[in-house]
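Got chain D; can you put chains B and R on it based on the hints?
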Amino acid sequence: MDTKVEQNGGSIPMEPKRDFKSGQDEGKTSEASKVPVAILGSGDYSRSLAGRLVRSGFAVVVGSRDPDRNRRLFPQGAEVTTRQAALSGARLVFVAVHRENYPDLQQDRDALAGKILIDVSNNTKLKKDGESNAEYLARLLPGSTVVKGFNVVSAWSLESGLFGGSKEVFISSDDAEARRTVMQLAQDMRFAAVDYGSLRAAREIEAMPLRLLPSWHLALKMVLCVLTFYVLWNVYRGVVFYAVKSGDNYAAHIPIHQVNRALGDTAITTLCLVYTPGVLASFAQLYNGTKYKRFPNWLDKWMRARKQLGLLCLFIASIHACLSVLEWSPAYGYDRLFEKTTVNANGDVVYGMMRWSGETFLLFGTLALFLMAVLGVASIPSVGSSMNWREFNFVQSKLGWTVFLFAVTHCSVYVAEMFIESYLFTSYTPPAFYIDLTLCAVLLLLKIVTLLPCVSSRVDRIRRGWERKAPKAGKTNAAYSKEDPEMTSYL
Amino acid sequence: MDTKVEQNGGSIPMEPKRDFKSGQDEGKTSEASKVPVAILGSGDYSRSLAGRLVRSGFAVVVGSRDPDRNRRLFPQGAEVTTRQAALSGARLVFVAVHRENYPDLQQDRDALAGKILIDVSNNTKLKKDGESNAEYLARLLPGSTVVKGFNVVSAWSLESGLFGGSKEVFISSDDAEARRTVMQLAQDMRFAAVDYGSLRAAREIEAMPLRLLPSWHLALKMVLCVLTFYVLWNVYRGVVFYAVKSGDNYAAHIPIHQVNRALGDTAITTLCLVYTPGVLASFAQLYNGTKYKRFPNWLDKWMRARKQLGLLCLFIASIHACLSVLEWSPAYGYDRLFEKTTVNANGDVVYGMMRWSGETFLLFGTLALFLMAVLGVASIPSVGSSMNWREFNFVQSKLGWTVFLFAVTHCSVYVAEMFIESYLFTSYTPPAFYIDLTLCAVLLLLKIVTLLPCVSSRVDRIRRGWERKAPKAGKTNAAYSKEDPEMTSYL
Amino acid sequence: MDTKVEQNGGSIPMEPKRDFKSGQDEGKTSEASKVPVAILGSGDYSRSLAGRLVRSGFAVVVGSRDPDRNRRLFPQGAEVTTRQAALSGARLVFVAVHRENYPDLQQDRDALAGKILIDVSNNTKLKKDGESNAEYLARLLPGSTVVKGFNVVSAWSLESGLFGGSKEVFISSDDAEARRTVMQLAQDMRFAAVDYGSLRAAREIEAMPLRLLPSWHLALKMVLCVLTFYVLWNVYRGVVFYAVKSGDNYAAHIPIHQVNRALGDTAITTLCLVYTPGVLASFAQLYNGTKYKRFPNWLDKWMRARKQLGLLCLFIASIHACLSVLEWSPAYGYDRLFEKTTVNANGDVVYGMMRWSGETFLLFGTLALFLMAVLGVASIPSVGSSMNWREFNFVQSKLGWTVFLFAVTHCSVYVAEMFIESYLFTSYTPPAFYIDLTLCAVLLLLKIVTLLPCVSSRVDRIRRGWERKAPKAGKTNAAYSKEDPEMTSYL
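Here the protein sequences come in this chain order: D, B and R. The opening position of the first sequence corresponds to residue -4 in this note's numbering, with each subsequent residue numbered one higher. The opening position of the second sequence corresponds to residue -4 in this note's numbering, with each subsequent residue numbered one higher. The opening position of the third sequence corresponds to residue -4 in this note's numbering, with each subsequent residue numbered one higher.
Chain D with its partners taken away, still in its complex shape:
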């Protein structure tokens, strides 16, 4: 591989691959294509970066304090030399050193002047205030153009292929031209470059790798609260109450029986939580008479958590199904759903089949679970991205409400069978499924209202941009288009 560095100074175009030749330029172009990209630093990240650049067809020169020792650590095709030599030929310089070593770079101030420095650094902790690493670097080296980028890409991503789509790389710089140059570089390295504007945005970009699944926080909190509530409720009614009242110890049945009841209650309640914000948003739009008014903040956040709520619902419903199968026997209070098992004259046991209620109960639960699994599969990014908007909407909205109706049927059959039992209120509290079904009933009622012709036609008009009156200045926003109330969006 050709790694010889032509040292032609700053006037040489920095793009190694492009520059396409017309015939007469060919000599010049080949020269240009050898203009290397420099990397300062010889750590792991530097090495992975060098490898990716080489595989993307760039000439790479690494500036190291101890080139002889470090040479063997770098992939074939990358030249390892002194900092001074590395900088002389390059126009684009990756700064792959720790922030605490930035001041040392001032020694090379002159060699770095006029060049584009790409700050790839990350922090180990979120800095609440103060400047980003990139801004600090720009302050130290005012003669260079600093661009923030690539920090969201790990050494591992640099070394691996791109199955599952290109990683996004966020670029910011105060120099628009430098930003575009580095965006082009990122694309040539098979990343998807996103323009984040001025260097101040580096604060936001540096915070990204420190995030821990932020889109899941709200949904997880909601589901954990619901689950805790139902576990406590069911344990009180099924264990604590009897322990206090009659001294019976049913604690042995917490792990499966009470937990499983709570999981079922949580699953259907979470399903309500998925579909409620969309219905509320419709009412908000009807009330506002426009879609350009911002939703209350809580509603906005709730709508953005619907995908995660849906996936958590699938997770919980799956565990519920598994535990239900394991306790599926007349022993566990399901005797009303089974015919009696008896002993015949020969002393053989003759098993009872399920009643119609047991079979219907199971069928709808099973169908709801497997249709929800289809929704889950459609939420896998590469599956969802192969659908058009109409298809995605069909799957998430039509199929989603079908799942809801099946789940409500599953729950209702069970309740209908248990309704008449006298012990329902024995613990001075209703069973948890009363709470679930009340939530479901309210949601269904509200949904039916939005489907009434007179209401739905007005909602449709509003969503197409119609407004009852001109919005007052300062209250409108553009945030809405991201979230469609009709969508129950698992994606």
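Keep in mind that the hints were calculated from the coordinates and are not lab data. Incorrect hints may appear among the rest.
One copy or two, it doesn't matter: identical chains are merged, so the pair holds either way.
To be verified - Cut-off 30 angstroms, straight-line C-alpha distance, at most; resulting in silico cross-link-like pairs (DSBU-like, lysine-lysine):
| no. | residue 1 | residue 2 |
| --- | --- | --- |
| 1 | K216 | K393 |
| 2 | K296 | K216 |
| 3 | K120 | K296 |
| 4 | K442 | K120 |
| 5 | K216 | K288 |
| 6 | K216 | K110 |
| 7 | K120 | K393 |
| 8 | K464 | K288 |
| 9 | K442 | K296 |
| 10 | K288 | K442 |
| 11 | K393 | K288 |
| 12 | K393 | K296 |
| 13 | K464 | K442 |
Positioned in the frame of chain D, the structure of chains B and R alone reads:
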């Protein structure tokens, strides 16, 4: 499509789209980079488009009728001004207005002349005949160059990242140069541009967002027919017959017992439907003596539905497995698969284990299901695209036929155990599994024939391009290469 | 962000990033864009290639020996002509003919001189020695520049869209400029081009399509060995021993009961195999005092198999769960986990519930399985690529060890209940779960050692690059950064 070849020898640059600067142009380049892309219209789509362009590093200027009111709706970085001002500096103009407002654009005819207009419009209904929106726009503004594109991308996709791979964007225009310019623009916006040729193709492109899972229609119809047939057959034999004959009411066992039997029958029949067209195609090729003759239309469509049939088979087999577990007891007619449960001297029940037939029956069913799940996972686009052709073929063909053999074994063990029972033909009809297994046997026999050395060597030669005789003109086609009869392709 | 609009009229290039042609070049550019790409050969691959090029906006000209006959086989937009005519206008030539026909190309030696030939050929068998097809072609046509590439892309991939991300295409050539030109071409065809350096690498590139899931070989071998061992062990203890000792025949219970035991043992042992190499690597780094020393070869390979081991563990644990549910009854030796089922005065059977041990046993097993399924979903490429490094690490490491602890609890509860039974050592061998749990205990102990503050702080320092002493030359390597011992990486 422009395919005329200019024969200018080697001195002409071969790259149609790029054309990079050499050093001395650099000043000019920075200027060029500020030339903005214009957007006409200020609806949701316009705003999402502006955001994506800004994030992709473009200067954006939005032409609005009421710029002061709309400015705040647009993302930072996009300039909102009057139509006239927006058009003056741009060469590329997104037309993000409704078709019914196209005539209004004629007011700006002069400002739009010589520019490339990108028609992003969609229709709410499929237009059977008549011109596309893009052709209509081209007719209204003959001085401009109209390019169709981006309509398949929703506002949501514009605003979101690209997890799961870039969305494809289909571009058509009568001007090849304009088409290439817009394709480049699409790629710079991180979409994958596909050239659809002349503007007439806009009719096809405008129909795309109105599609509702067309690749699933045939498979869904086939599976629904099969399922309905088996449900009716099983309900007749298990419920209707006894109701009429002896007045016994077994309707309570429809939801699980009869539906589950029908699901099992449907799953194995669907598996046959997955593998049958590939075998038929081999025979068609043997008969034709060439692979260049078009298959009958029905076979072609069937082959293209194999992936969907396979996924529906997995869906149905999963539900069948879940319901089977729930009814897995001697009560449900499986007493031949269990040893007797008895009562011992203490009055305790001593449960019977399964016989060898019960255990074998379950083992093969379980293995078939989980291997089929592996096939399903390999059908996820980002998983499938990480495999080479040989690996994909191995998974879909070798593993697929293993699933089929395991499923047939599962079914056969059950049948073998039930075969001798006298009540099999009591309803003057055979049980449904006779039908399944007959289909399986026929398919296996045909498959074995294609595997005979004399047959398979000829099929291989044909697939490598050998022909018994030169094809007659007008009967050949190139459609075949897309569908490989050997592949049972879930992808 | 720079949004100022320069109003310079129509002659200014509109593309911000690419430096497109300014006005006066326009004529030249349009001309250039018509310079076609040539394809030699008219087989299936040639046709798919032509289609992809046309859809990517290229002018395509196909050189065929019999253009009149083959024209109709090619997609609209591709010109089919004689070889001589096709070559005259092109500079880039795809050579889509079989290796055995390469010598025929020497007839067109002059027309091919100075052009870039892209060798897309594949072999049907792995060639142990000798030159690659591309080197052979370069030897036959010394006047042309040969580039290897595209052979990893099937005709099917060429014809289909890019759901699931672009396919990678590996490019090698001795001419760096030609390599870059073809890489650009590949990217314009919506593939991701990877630079593989000189033409000698074509040997490696040509071997790629012949690979059959090489990353799975080691993991599959390990798991199959473990599974075979446990099946034999369980069949000996549960069937062979009793057959020999007392003549009892328990063979009927091999398919579910003994296989399922073996699957459970295999699942937990495989989980140990996933987490062991990471712990061993930590100790190796502690011992070496640096992270720059290469791990022993076996450890390196083992670490690279962790993802596959994890997915196989999920597969086996799922089957184990399904079979367990099917045999979940006191009949199958689980009577210690159930209360007694009795017969009441009416002759009705009163089912016993599970004891606390049975419920706990099932709960932890179920939770371990479904959390492992979450890890499996995070291993889907398009899901994993949407996470940052911290998130990925959290899911694979934190969640992974949680799964391990739950699985160990599941196993321990069962063992605790069975521990006291006198028949444990009746066959002169311990039950298999003794082996599992011993492995788990050793692994847990080692893991706990690495978590001790004094040890973990030193490991952290080593991983950040600290070294106890300068490494000796010749013993260091860069391979390490790819595999992080902390990661149990299912991805």
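Measure nothing new, just compare the shortest in-copy and cross-copy C-alpha distances for K216 and K393 to 30 angstroms and report within, between, both or neither. Both: 27 angstroms inside a chain and 19 angstroms across chains, each within 30 angstroms.
When no copy is named, should K442 and K120 be tagged within, between, both, or neither for a Cα gap of at most 30 angstroms? between (45 angstroms within a copy, 26 angstroms between copies)
Please work out whether the CA atoms of K464 and K288 approach to 30 angstroms or closer within one copy, between two copies, in both situations, or in neither? within (12 angstroms within a copy, 64 angstroms between copies)
Could you figure out if K393 and K296 sit no more than 30 angstroms apart (CA to CA) within one copy, between two copies, both or neither? The answer is both: 23 angstroms in one copy and 27 angstroms across copies each meet 30 angstroms.
Within, between, both or neither, where K120 and K393 count as close if Cα-Cα is 30 angstroms or less: between (44 angstroms within a copy, 19 angstroms between copies)
Homo-oligomer pair classification [K442, K288; C-alpha up to 30 angstroms]: Classified as within; 22 angstroms inside a copy, 55 angstroms across copies.
Checking K216 and K110: alpha-carbon separation at most 30 angstroms within a copy, between copies, both or neither? Classified as neither: same-chain Cα gap 48 angstroms, cross-chain 53 angstroms, threshold 30 angstroms.
Intra- versus inter-subunit Cα pairing at 30 angstroms for K120 with K296: within (25 angstroms within a copy, 33 angstroms between copies)
Status of K288 relative to K393 across identical chains (alpha carbons, at most 30 angstroms): within (27 angstroms within a copy, 42 angstroms between copies)
Classify it for me, K464 with K442: is the Cα-Cα distance of at most 30 angstroms met within a copy, between copies, both or neither? within (26 angstroms within a copy, 66 angstroms between copies)
Under a CA distance limit of 30 angstroms, which applies to K296 and K216: within one copy, between copies, both, or neither? Within one copy only: 13 angstroms inside, 40 angstroms across.
At 30 angstroms max between alpha carbons, let me know whether K216 reaches K288 within a copy, between copies, both or neither. For K216 and K288, the Cα distance is within 30 angstroms only inside one copy (28 angstroms; across copies 44 angstroms).
Checked against the numbered hints given earlier, the structure breaks only hint 6 and satisfies all the rest.
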